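The task is simple: from the sequences and hints, build the whole structure.
Protein sequences appear in the order of chains A and B.
At position 526 of the first sequence the residue is numbered 526 (our numbering), and the sequence of numbers has no breaks.
At position 19 of the second sequence the residue is numbered 19 (our numbering), and the sequence of numbers has no breaks.
Since the hints were made in silico from the structure, they are not lab data.
Please read all numbers here as calculations on a predicted model, not as lab measurements.
Check each hint, because a few of them may be wrong.
Each pair may be met inside one copy or between any two copies, as identical chains are not told apart.
Claimed, not checked - Here are the computed lysine-lysine pairs in the DSBU-like style, where the Cα-Cα straight-line distance is at most 35 Å:
id : residue 1 : residue 2
1  : Lys443    : Lys71
2  : Lys371    : Lys519
3  : Lys71     : Lys397
4  : Lys464    : Lys397
5  : Lys464    : Lys365
6  : Lys250    : Lys185
There are 2 protein chains.
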Amino acid sequence: MKHIITRREILGLIAKTGASGAVLGASNALGIVPNTYVDIPEIPSANPANRPNVVLLGAGVGGLTAAYEMKKAGYNVVVLEAAAKAGGRNMTVRHGDLIDEVGNPQICDFDDEPHMYFNAGPARIPSSHRNVLHYCKELGVELEIFINENKETYIQDDAMLNGKPIKNREFTTNARGFMAEIMAKNFTNAELDSPLDEWETDALMHVLRNMGDLDEDMVYRGSTRGGYSHGGFLEHGHALETVALRDLLKTGLFSMAMGQNEGETGPILFQPKGGMDQIIKGFLRQLPEEVFYNVMVTSVMLQDGGVEVVYEHKGMKYKIEADYCFNSIPTHLMTGIDNNFPEDYREAMRYVRRGEAYKSAFQAKERFWEKDDIFGGISWTNQPIEQIWYPPHGMYKEKGVILAAYNYGGGMHFTQLTQEERLETAIRQGEKVHPDYRNLVEKGITIAWHRMNHMLGCSARWQKSRGGFTQEEERLFQTLRNPAGNHYTIGDQITKHTAWQESAILSAHWAINDMLSRKAGGNMPGRRV
Amino acid sequence: MKHIITRREILGLIAKTGASGAVLGASNALGIVPNTYVDIPEIPSANPANRPNVVLLGAGVGGLTAAYEMKKAGYNVVVLEAAAKAGGRNMTVRHGDLIDEVGNPQICDFDDEPHMYFNAGPARIPSSHRNVLHYCKELGVELEIFINENKETYIQDDAMLNGKPIKNREFTTNARGFMAEIMAKNFTNAELDSPLDEWETDALMHVLRNMGDLDEDMVYRGSTRGGYSHGGFLEHGHALETVALRDLLKTGLFSMAMGQNEGETGPILFQPKGGMDQIIKGFLRQLPEEVFYNVMVTSVMLQDGGVEVVYEHKGMKYKIEADYCFNSIPTHLMTGIDNNFPEDYREAMRYVRRGEAYKSAFQAKERFWEKDDIFGGISWTNQPIEQIWYPPHGMYKEKGVILAAYNYGGGMHFTQLTQEERLETAIRQGEKVHPDYRNLVEKGITIAWHRMNHMLGCSARWQKSRGGFTQEEERLFQTLRNPAGNHYTIGDQITKHTAWQESAILSAHWAINDMLSRKAGGNMPGRRV
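Written as C-alpha cells, this is what we have:
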C-alpha cells in the first residue's frame, strides 16, 4: 500500500495488458465499448443462370442480415423460421401479441397505441454499434435517443437508509464528494517513483475540488448538485443534507451508480422509433417472399458441395437441397435435431450454454414518473426485479409501458412462480421504489427467455468462469465458428460479445466473407481442414 | 492532511452549510440542480366590466409568460417589443433570418430545411425546469432529448499530448482509473475519528476497483471502457494504450470532463423539436393580437394607481396608461429611458451588469461527426471557441448545423474581430479538433450577445465576485425585485439563477403573485414600503 503512483502509472509507458480475464470480467460487469467498423461483405453478383441456393435457419437479426446481403447479390435465399413471426430475441410486444413461453403463454393486453410497446429483448443500441446503425439507415429505420442513466431516477436497497429510495443524483453527488475529499486528504507524494511536481499536485487538487464540489479547505459539506432542499431560482438554492459515505457503502449498487455512464452504455444509445422490431420489419420489407414461418427443422445433413435440410410445416414434410446453410438455431436446440456434423462440431454445440434473462413490464395508468422529474432512465434496487425502466418516448402522453423487472443473470427466481405470483412480486418490489406503484400499474406481462418457445435461452454463454476463455473454450469456439462443410453456424452465439445485435450481424458478415474466401479458393465441396 | 474521514464526514451528522459562497461558485462552474415546483399563479378572473389593463415591455419568455397568464384571467394585456420579432434571447436562427448585431448585421444563409437551425440563445432545457416543461406541454411544444455529454466527442488542449484531441471516453476512463488506484493505494483507516470497519473498507475497495476498472491488485492497467484498439465482437477486445494521469492533468478541461454529467446538466436535457423558439411561437399562438413589434419605449412613469408608458412606432408617438407595467427591458438599457423611479430602484437597475456570451455556428456540408460515432454532445478545447456542439437531431440527414464557438465569459475576444476574422478563427481553432474542418463547414454566423440590438448583453450578473451576493447586493436585489408603484421589473435579471428560461418564467409568476397579494390588501395605488 506504499507505492502510490509508479513511474508506469504516471508516464503510461508500460503497454496495456489487453483484455485479461480480470479486466474483461470487470468490463463485462459495466459494459464495454467495442470498436468495430462497418464492413459489409462485398459479394460478387451471382450468375443469373446459376444462382447459389442458400437456406437460412432462423429469422433473427443474424439470419436476416445474411439473407438480405446474399439476396442483394442475386443468391436464391430461403429463410425458415420456427415461430409465427420473425425477429428471434429482437421482440417488441404490443397489444394482442403472443408471448410464447412454454407453459405460460400470454396475450399482451396493453392499450393499442403506437407508443405502448415493450422491447422484450434488445432495447438499446450503442452508438458504437456501427453495423446496426448502418442497417437502420439503409432499411429506413428511424432512431431516437434512448436514456440509460438519468440522475432523477432512484437507487433503493433494503440495507441502505432503512430501504428508503434516494435519487441517483443524491447518491452520486455524495459519493463523489466524500471520495474526492478522501483522495485529497490522503494524497502524498512521498513515495512516488516519479512524484507529481507542485504544479501537477495543484492541478490534481483543483480537479478533486471540482469533482467533489469541495469547500476551499477540501472538505465535502454537501453540494447543490445533488438537489435542492429549497430555493434555486428566485433565491439562492440550499443543498439537501448529506448522506454519509458509510451509508452509501451499504448497497452493492454503489459500483453501478458510479459506472452507469461508462463503457458500452456510456456514449449515446438509441432505440428505433416505435419499437426495436422496426429493424426486423426493415429487413422483411427487403425479403417479402423469402421468409417462411411455423417451420420445424427436423434434419440438417451435410452433403458433398451442399446441405440438405428437412422440415415440417402444417403436418407436411419438405426437403431442401441448398449450396449453403446459414444456421442460427441456438446450438443447444440444434444438437437435438438430426444431423451428420463432425463430432468436434457437435461437441462445441453442446458446450454453449444459454442465459436466463427475465423481464417483465406493466402498462402504467398514468406517467407517474414524469411528475417526479423522471423522463427515461433506470431505477435500481437490490431486489430481484433489479431495475425499473421508464420509457424515453411518449413524453406527456396519458400512459406508458415500463419495464418492471430485468433480471439478467438469475431469471430462475421468477420462473418458478406462477404468472400471478410473478406480477405480484414485481408490484411488491416496485412499491419500495414508488410507494403507490400498486395503484399505478396494470396488465403485466413477463418474459422468461430460457422458457421461450423455439429459443429456450437468452444469449450464449461460452465462459464457465469470468476469467475469460480457457484454451479448451477457445478451441471449441473456433471449431464452431468455422464451417462444417457448407454449413455455417451464425448468430451472437459464435461471437465473444454475445447478447448484442451488432454481434449477430458481424457473425453473418464473417460467415459470408469466409464462404467467399473458400469459394475463391476453388469452391471445393466439403469442409476445409 | 491527516484526518482523512472525520466523524462528520462518515456519519453526515453536521447540517449542510447551504450554498455558501464557495459552494455556489463551484456549483455554478458545473451547473446546479435547482428544485422548483410548478406553481402557476391562480389569478381570479377579471370583472368583464372592469378588466385591469397591463402593459408589458419586452416579448421575451418572462413577458410572454406574464401576458399569457393574465390574459387567461381576462386582463387586457399589451406587449411592446422593440425588435421585429418576439423571443428576446430565445432566438432560433434559420435561413433568411436577420442577426441584428449592432455594426455587424447578418442574414443567415443556411439551407432552408426544418432541421437546419441554430439556437443562438438558450439551447437546453433541464428536466428539473418544471415550469418550462409545463408551458411546453400546455402550449403544445414537442420536446426531444438533447445530448450534452457524449463520450465519443473530443477533448483538445494545446498543452496536452502536443495538442492531439482525444475522445472523452479515453480521457475519463484513464482519469477514473488512475484516481481510483491512487485512492485505493492511499486509503488508510489509521487516524479516522470513526474508522471504516473491515467490511466497509472492503466495500469501498470494491467500488474503487469497479470505478477504475482496476486489476485484482488494485492497479489501473487500462480499460476497454475507454475504447478498443482492435477486436470487440468476434474476438476479444483489446484496450487502447493508457494515457498517463500526468498528461491528463495538463489540461484545465479535466474538471469539466469529470463533471459534465453533474448538476443542472446531469439529468435529462430537452430541446423543442424544430428550435427553441417553438416555445415563443407557442405563446404567440395564445397572444395573436397582443404583441406589437418595432416599438421603442421612450418613457415609463409611475402614477397614482398605474403606470404611463410612452413609445414610438414608425415615427409616431403613443401613450398608454395602464394599471400595471411588467417590464423586462434589460435594466442597463432601462436606466437610459425616461422614468420617475425612486432613486434606490434606479441605483439597483444601474448595478446589474450583463454577460458577454458569444456563439457562432456553421452549416456543415456533411455530417462528418456521425462518421466518427458522434451523435450530439460537445467537444471541448482550451482555445477561445471553447466548445463545438453537434446537433442531437437530424441524424443521417445530409447536412447539419453545428455550434462552432460558445464563449460564455469572454466574448470580447471575438467581438473585436471582423466577421470574416471571427469565422476564420473558428475554423482555425476547429481544425485542431477535426483536421478537415475547413473543407466541411460553410456559411458561418456569429452572435455577440453584448452587441445585439435592443439587448446589448446576455444574462444579468449581480455578483461582482464569485463568493455569492454581498449584503449590499442583496439589498439592491430585493429593491429591484419588489415593485416600484405598480411597475414590476421581471425577467431572469431579478432572479439568483440568471441565464435560464425557468428563471424568467418564475420571475413573472413571482410578480403576478406579488401583485395579487397587494391587490388583496386593498389594491392601494403606489408602492408599498
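Consistency of the hints with the structure:
1. For the homomeric pair lysine 443 and lysine 71, neither the shortest alpha-carbon distance inside one copy (41 Å) nor that between copies (43 Å) is at most 35 Å.
2. In the homo-oligomer, the alpha carbons of lysine 371 and lysine 519 lie at most 35 Å apart only across protomers (32 Å), although the nearest pairing inside one protomer, at 61 Å, exceeds that limit.
3. For a Cα distance limit of 35 Å, the shortest separation of lysine 71 from lysine 397 across copies, 27 Å, qualifies, whereas the shortest one inside one copy, 41 Å, does not.
4. Taking the shortest alpha-carbon separations for lysine 464 and lysine 397, neither the intra-copy value of 45 Å nor the inter-copy value of 45 Å comes in at or below 35 Å.
5. Taking identical chains as interchangeable, the C-alpha atoms of lysine 464 and lysine 365 are never at most 35 Å apart, the minima being 43 Å within one chain and 50 Å between chains.
6. Taking CA atoms no more than 35 Å apart as the test, lysine 250 paired with lysine 185 passes in both settings, with 23 Å inside one copy and 22 Å between copies.
In this structure, the hints that do not hold are numbers 1, 4, 5, in rising order.
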